[in-house]
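Put the two chains together into one complex; each comes in its own frame, and the hints tell you how they fit.
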Amino acid sequence: MQMPQPDAGILARKSRLVARLSQLLPPDALIQDPAETRAYECDALTAYKCAPMLAVLPASTQEVSDVLRICHEDGVPVVPRGSGTSLAGGALPTADSVILGVARMNDVLETDYDNRIIKVQTGRTNLSVTGAVEEEGFFYAPDPSSQLACAIAGNIAMNSGGAHCLKYGVTTNNLLGVTLVQMDGTVTEIGGAHLDAAGLDLLGLICGSEGQLGVVTEATLRILRKPEGARPVLIGFDDSEVAGACVSDIIKAGVLPVAIEFMDRPCIRATEAFAHAGYPDCEALLIIEVEGSDPEIDHQLGLIKQIARRHDPVELREAADEDEAGRIWLGRKSAFGAMGQINDYMCLDGTIPVSALPMVLRRIGEMSKDFGLDVANVFHAGDGNMHPLILFDANKPGDLETCEAFGAEILKLCVEAGGCLTGEHGVGVEKRDLMLHQYAPEDLEAQLAVKDVFDPAWLLNPAKVFPLALTETRRARPMAAE
Amino acid sequence: MLKPVTEKELGEAVRQADGPLAIRGGGTRLTGQAGMTLSVSGLSGISLYEPGALTMVAQAGAPLAEVEAALAAENQRLAFEPMDYRTLLGTDGTPTIGGVFATNTAGPRRVQAGAARDFLLGVRYVDGMGRAIKNGGRVMKNVTGYDLVKLMAGSWGTLGVLSEVSFKVLPRPETEATLRIAAADAGAAVRLLSAALGAPYEVTGAAYDPAQGAALLRIEGFAASVAYRAGELTKLLGAGELVEADASGALWTAIRDVAPFHGAPGDVWRLSCKPSQAPDLAARLEAEALFLDWGGGLIWARVPEGTDLRARAGDYDGHAILMRAAPDTRARLGMFQPQPEPLAAIEAGLRAKFDPRGIFNPGLMG
Chain A
1 MQMPQPDAGI LARKSRLVAR LSQLLPPDAL IQDPAETRAY ECDALTAYKC
51 APMLAVLPAS TQEVSDVLRI CHEDGVPVVP RGSGTSLAGG ALPTADSVIL
101 GVARMNDVLE TDYDNRIIKV QTGRTNLSVT GAVEEEGFFY APDPSSQLAC
151 AIAGNIAMNS GGAHCLKYGV TTNNLLGVTL VQMDGTVTEI GGAHLDAAGL
201 DLLGLICGSE GQLGVVTEAT LRILRKPEGA RPVLIGFDDS EVAGACVSDI
251 IKAGVLPVAI EFMDRPCIRA TEAFAHAGYP DCEALLIIEV EGSDPEIDHQ
301 LGLIKQIARR HDPVELREAA DEDEAGRIWL GRKSAFGAMG QINDYMCLDG
351 TIPVSALPMV LRRIGEMSKD FGLDVANVFH AGDGNMHPLI LFDANKPGDL
401 ETCEAFGAEI LKLCVEAGGC LTGEHGVGVE KRDLMLHQYA PEDLEAQLAV
451 KDVFDPAWLL NPAKVFPLAL TETRRARPMA AE
Chain B
1001 MLKPVTEKEL GEAVRQADGP LAIRGGGTRL TGQAGMTLSV SGLSGISLYE
1051 PGALTMVAQA GAPLAEVEAA LAAENQRLAF EPMDYRTLLG TDGTPTIGGV
1101 FATNTAGPRR VQAGAARDFL LGVRYVDGMG RAIKNGGRVM KNVTGYDLVK
1151 LMAGSWGTLG VLSEVSFKVL PRPETEATLR IAAADAGAAV RLLSAALGAP
1201 YEVTGAAYDP AQGAALLRIE GFAASVAYRA GELTKLLGAG ELVEADASGA
1251 LWTAIRDVAP FHGAPGDVWR LSCKPSQAPD LAARLEAEAL FLDWGGGLIW
1301 ARVPEGTDLR ARAGDYDGHA ILMRAAPDTR ARLGMFQPQP EPLAAIEAGL
1351 RAKFDPRGIF NPGLMG
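Protein chains in written order, with the numbering used here: chain A, 1 to 482; chain B, 1001 to 1366.
Pulled out of the complex, with its shape left as it was, chain B reads as follows (with noise of 0.2 Å):
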């Protein structure tokens, strides 16, 4: 495995390679990349952070667990609520700082905060000829020259190995509370969930769990102010349970995580769609057990080992992500789903230019 420890190393690492690399942070997702492992968590440290800014600089190795104290320490956060792997996965190791943001990870508050591309704000990497380059940088808004910071976010090392993210952080708010209104099937909840997220109370989750029977609506900020939403949100939508703090948190830390699934075998896949399309979906998926985040935009589903998910999909708008499976499963299916063309063209020719001598997680993305 090759671990360098500063930026320089890591272009030297890749400058000499002369084999396919398996680009990696924590080790904490699963890809199946063959390959020399590169790990940057070799990478640490918070650089800079200015609270009162809301900006945080990291060196990509840098455990989550010490960005996210940090940020605590000043009553602050990642707001995109970026989940942790390891369980579901069955993987071990640290989540990075850099692994996040390469992998796009967002958890359920990313229907009303964004996911973390969208809170990136600078990246530092390593091109496929070994070339430190600089994109964005720490401050909020930025319009100078190519977005390349978006394009690093969500390409899972198949680009360029980031040494370095800088980030827009938020306050953490007061308290939470969780509405949990009693749901018969997931149209049912859907429903619901449409009808609080276009209401003017700030959702910041939107679940359905059918193993609760329940929609689940997170609402943040102020004591007086969480405490009105609620109140809100009961006259639009019904009586529900009201699950407060701490409880609140912890129902939100198993949706992220993806709980349900914890310790059932068979394959995890994870879908994007439109919310509406959701219900039919979810029910052409036959899966054995599945639920839904992001007010219905995002479909948990596990199924029987070796199911091809995207031929029982079908049509609709969006696409699946093959997050859990066996070796030959992965190999046969592809982890995530093949672009058509032109997209697939455009893709392959930015590739080509980022990586030309196509060392970087080959074939993972396309």
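Bound-form chain A, shown alone (with noise of 0.2 Å):
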């Protein structure tokens, strides 16, 4: 994976640069001692990392303002940072770029139950949204599975999902204003508490555009009043395609389940060796989740299990109590922990039609022998956003590379199949050079003019989300830089 080389001209105006910031900033909120720029190197895509220059945690919009308006003039490249759990490499730094952190704004600026929004600054952690009103009896709906690290600024910038989107929608569905402030340091407030923001869908477009477009320092949330209760039932079968196909009916009986997970069994195994949640040995495992009172869960899982019937399941538990559906969530909740103790591995995210499910794990399987590598499977099965996770051994020469290549391939196969490459993780610098497989030149270029219109100068989070050769001259252009 490349990445651009440094200005030197950059680097060399370091001093200036510090000078000029840490007249805006408080002492502690600027970091430029190499020892501890470190702590940027990389966010959750580990196996890249390059310290940034300088390092900047601003404590207000009009602090961000400050410093995007400096670096802008200076001609700097800023990559913003959430909390650093981006898996694609959203927040990589380059050697001559300013990382700038929100991680300081973190307060709950407005709740209001009435309406049903919160406002927070965007530092502040997904799950601490939910902490903030769940008193009330209310969540915020998008769930990532770093919910308890993730920074609403990533959420934002990834266009997060979670395990609950199948019925909540992801970040896009659940946001209703922002405070942007633009690589020229211009701020700008768009939506609100209102639903359809006027004019164009700006939030539509800001939501998922990776920090490229501006840093988003405030958001209006939609918040919701929990359901009475969730319940979900576990059910195992003997073959994957048979997994798929029940989920394709559960989906046409009109019942709409909160959550389809789907477990494959090299991932089943190496959760039970984990986590002893107590999952049958089988092909396939489908965890699904449904929400009401009692009696309407009731009707629901009956529903539900009347159809998995139909398809010959090896087990058919529906959990009796709290403690039970814990146990059944277990398995799954800590599949990426099980696999870290196994191996090294590379989390992909391409997202397939349901429909091409059957064909999809087969190749993966296929490739996974003629890779060598083995590759374990657990998705979001409602949506057909999969998550195969390839192992591999870092201290193993070469084998990050043949991961590498496997995963491109699965993700190929994901766009051939009609899916694309990334369903929540973002493209980042990992997925950037497979754009090119989803998107026509001329696609790309009119994605590319959007950031022409916000940050002309290209300077935000520039090397990343698209190959960096169609991206060289625009990157490239003279910066007023003295």
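What the hints contain is simulated information worked out from the structure, not anything from laboratory work. Keep in mind it's a predicted model, so treat the numbers as computed, not measured. Each hint should be verified, as a subset may be incorrect.
Unchecked claim - If the Cβ cut is set under 7 Å, some of the chain A residues that face chain B in the computed set are:
#1 113
#2 173
#3 192
#4 195
#5 248
#6 355
#7 421
#8 446
All C-beta atoms in this analysis are idealised placements derived from N, C-alpha and C, irrespective of residue type, glycine included.
This is how it looks when you write it as structure tokens:
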């Protein structure tokens, strides 16, 4: 994976930049000691590391605006960072860049239950948004696996999803307003407490733009009343194709579960060894959760079990109480941790049409033999969002490269099947060079033109999302450096 | 009128245009655009429908009725409940699926299920230079690159002409019911609606019609579940009348299509606002008639011809769209509320990229 060469001129002007920034920021908000900037050398895609020139931790929209304006005037690239949990390298710095971390901006600005909104600073973690409203019985719906750590800023940048988005949608469906700071320091308010912001859907455009169009410092989010209850059922099958058919039949029957999770045998075995959740040793396992009052749950699970039985399940287990529900989810929730115990792994998140599931699983199995690396599959089956985990050994020379080549083939397969490269993690640096497999050059040119509008100098998170060759001339535009 | 039947012909028509184009689906909305009409109604047909994956792909000119019939056959539907403008606006023509998404049209269920833009998964469109562009796809989760799908939804043909849309559909519930609870005024009604929407009973419609003197709350799902939730809402909010099944459906079709204003003269405005602001805002409008949808977050107002409702509304969190008025009023007030800076500059910048010659519905949105 290639990153642009650092600009020697920018590095030479470091002390001047530090001097200007230190006039605006308190001393502890400006990190320049190489021993400390190393803390920002990577995000959760740890295969790639590069310490930034500087890191800044502004505490307000005004400070973010000041930092961006100065960096803009000086032609310095800025890499925004939420909590650094990106699996795609979305917050990977270059050596000549400034990391702009929003972690200090984590206040709740307003909670309004009558209008069912919360307004927060975006450094706040996903789970603590729900934490701020749960006493009143409300929650914030998008729930990425990293929700304990990940920041709303990163959720907006990547349009994060989660296990429950089959019913509640992803970030873009729950975002009502933002305060956006553009690279030149301009502060813009978009949307607010009302539905359907005026004019063009800029909220929709900014959500998922991977921090390339602006830094979102405040967000108005939709909150929902918690359902009366929820209960999962676990269904095991001898055949993953049959499991896929069962999912399709449930959806066709008009039941809309809040989550449908799928695990294959390698994943089941690994998580059993790690978490002892009591899963059956079978080819495919579904965890399906429904919500409502007890009688409503009974009714929906009754229909689901009726459909499942037509597909000859080897196991059909409904949670009788909270404890059992917890155990059914335990294995799924520890799947990634379990994999980490066994090996290094790479987690992909290509999405496919649900109907292509059997074909894609079969092909991944074949490729696993060809590349000589094991794969475990765990994914959100209701919406086709796969999460193949490729196991490799980072200490074995060449293994990472083989793993990346295998991963790229899986993602190309997802696109061929009518799907896409990434369903919720984002492109970042990881899938940047695969973009031309999904889009034609003119399709990408339309996207690049959008960045030209928001950040004409291409300074904000510039080496991400698009193949470097496509953005080279834009990134090389002469800066007003002097 | 230009009426291409393929995306290639659509691109050719745009490339050869030497002046403004009035972009049209079925022509059921009043935009009053000058220029040569470019209709996408020739691009027709459903190209893919997978009920088990809850997805459909259709050409932009496919009639909405055809889409809805195909979905109904599989017991599914468009959950965002697009309205039919024809009676309100006195237009004829055939609503198209492209028009629904281009205008981000959503009905009462918007408050729970989302707007058209929340269901749009992928687009193909022709930009102002006649180039065919693809964005998004046909899968429910997709963060591959920028989301131009959302940008195209609700851009009213000003950034590109849709040629194909793929979208998410949802199961049609077994039944529905509406709880009609008396409300003395908008303030009392919004309190009821807020309490209902803040309860765990999945209300899918929350309106207030002063003519009925009542707040309306819709519940949908399996029959036993609907009965249970209606009972719980009654306990929470007080007794009301329960309107069931088809009669409930008719109530919401009327709200969706703005039936309270059918046949009545005057201009029609649509205001999006913070629900708790609705009662005061509604009073300031001094409308001849109005009603609330979306829990108070949407106000439909009918006022004498030529009224500048934005001036009357003053300051609030939201915006007003002029849905029906004579051409001179539309020209004077604009259909859409002007955007403040720096938003206006960003939008102008985007238009200059997507439609550099400024030929798509010029002036409609800014």
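Verification of the supplied hints:
1. 113: Residue 113 of chain A check passes; min Cβ-Cβ to chain B is 6 Å, inside 7 Å.
2. 173: Given a least distance of 5 Å, the restraint on residue 173 of chain A holds.
3. 192: Holds, about 5 Å.
4. 195: holds (5 Å)
5. 248: Holds, because the Cβ-Cβ distance from residue 248 of chain A to chain B comes to roughly 3 Å (cut-off 7 Å).
6. 355: Because about 6 Å separates residue 355 of chain A from the closest Cβ in chain B, which is inside the 7 Å limit, the hint holds.
7. 421: At about 5 Å, which falls below the 7 Å cut-off, the nearest Cβ of chain B leaves the hint on residue 421 of chain A intact, so it holds.
8. 446: This interface hint holds because 5 Å falls under the 7 Å limit.
The earlier numbered hints are all upheld by this structure, with none contradicted.
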